[in-house]
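Number of protein chains: 4
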Amino acid sequence: MIADIKKRALHRARILEGQLRGVEKMIENEDYCVDILTQSLAIQKSLGSLNKLLVENHLRTHVAEQFEAGGDDRERAVDELLKVFELSNNRG
Amino acid sequence: MIADIKKRALHRARILEGQLRGVEKMIENEDYCVDILTQSLAIQKSLGSLNKLLVENHLRTHVAEQFEAGGDDRERAVDELLKVFELSNNRG
Amino acid sequence: MIADIKKRALHRARILEGQLRGVEKMIENEDYCVDILTQSLAIQKSLGSLNKLLVENHLRTHVAEQFEAGGDDRERAVDELLKVFELSNNRG
Amino acid sequence: MIADIKKRALHRARILEGQLRGVEKMIENEDYCVDILTQSLAIQKSLGSLNKLLVENHLRTHVAEQFEAGGDDRERAVDELLKVFELSNNRG
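Line by line, the protein sequences give chains A, B, C and D.
Residues in the first sequence are numbered from 253 upward in steps of one, following the numbering used here.
Residues in the second sequence are numbered from 253 upward in steps of one, following the numbering used here.
Residues in the third sequence are numbered from 253 upward in steps of one, following the numbering used here.
Residues in the fourth sequence are numbered from 253 upward in steps of one, following the numbering used here.
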């Protein structure tokens with residue numbers, strides 16, 4: 253993993269944990285639903301930024317190698333990227 | 253808050269915390285990016301289910317009251333629901 | 253349907269048709285994929301605004317009536333709103 | 253553009269145009285909002301499938317070449333893919 257991306261991804265994951273604990277506390281306290289939802293939707297957005305970092309790392313490392321190797325490795329790279337793109341569009 | 257929804261929402265929030273700690277560990281271990289992304293996207297989807305519970309609770313409690321009160325209260329309810337709908341479509 | 257919302261929704265639907273014909277032409281011309289995707293993603297976003305208008309109309313008309321009627325009508329209103337919220341989060 | 257993908261993308265774009273004209277007619281007729289919304293959300297999902305086809309074509313053609321060329325070309329490829337990923341997560 254690229255050192256700078258790893259550092260930023262871990263930082264972001266820890267912030268997310270804190271935000272999630274915040275939402276848990278808001279539910280326990282029975283805060284106003286719209287306030288809890290606003291927080292929860294902010295976490296979903298924040299996860300989107302984490303995912304973008306992970307996609308960037310993937311493109312700059314594994315995908316670069318898989319495309320260089322060509323053949324089955326490249327096929328696998330394309331399939332996995334399409335799977336990630338598809339999953340990122342379905343957040344039930 | 254409706255007791256059954258509160259219980260399910262808290263249960264879900266705690267599962268989400270565990271999943272998020274899992275992602276953090278995967279980043280620390282430098283697992284394969286696509287595996288980390290798959291986990292992270294599963295969390296986004298799981299947050300979607302939590303949000304749906306919170307929207308359900310909101311509709312059955314506050315919104316019901318706000319619509320009954322009418323006037324400014326109903327206006328506020330409509331504005332807030334539209335804001336939640338909009339935010340849920342923007343997860344940058 | 254609220255007259256002003258209907259007018260704006262129709263206006264938006266017609267713009268969307270034009271944008272979609274544009275994407276079709278770009279595919280026929282084999283334009284650069286990223287340019288086609290940027291257009292296509294703009295259409296998805298534009299559809300989001302149309303949906304928001306429709307949700308607003310729904311809340312201000314049918315939902316107001318269904319909540320006033322109470323009982324099964326209100327149940328139906330809640331179920332339908334949750335269905336719309338869920339579908340709007342799954343755009344495979 | 254890969255011939256088979258082009259054919260499928262055009263087919264899908266034409267279906268989308270028909271669906272969009274359907275939504276326009278439903279708004280004109282003042283159909284039930286939830287029915288219009290269900291159609292409109294189906295179009296958003298259908299656009300997601302078109303986008304996936306375009307991403308697939310892009311990865312198999314331009315990105316493969318850009319990664320092979322390396323240097324600035326590869327940088328541009330990574331930046332564009334991240335931009336597409338980001339836009340696809342923001343559908344206001």
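Source of the hints: derived by calculation from the structure; they are not laboratory data.
Bear in mind that the values here come from a model prediction, so they are computed numbers and not experimental data.
Careful: at least some of the hints might be erroneous.
A pair holds if it fits inside one copy or across any two, identical chains being indistinguishable in the list.
What the hints assert, rightly or not - Below 20 Å or equal to it, Euclidean Cα-Cα: the simulated SDA-like pairs (lysine to any residue) are:
1) K259 <-> G322
2) K259 <-> S298
3) K304 <-> E276
4) K277 <-> F337
5) K304 <-> R264
6) K259 <-> Y284
Hint check against the structure, violated hint numbers in rising order
Violated hints: 1, 4; rest satisfied.
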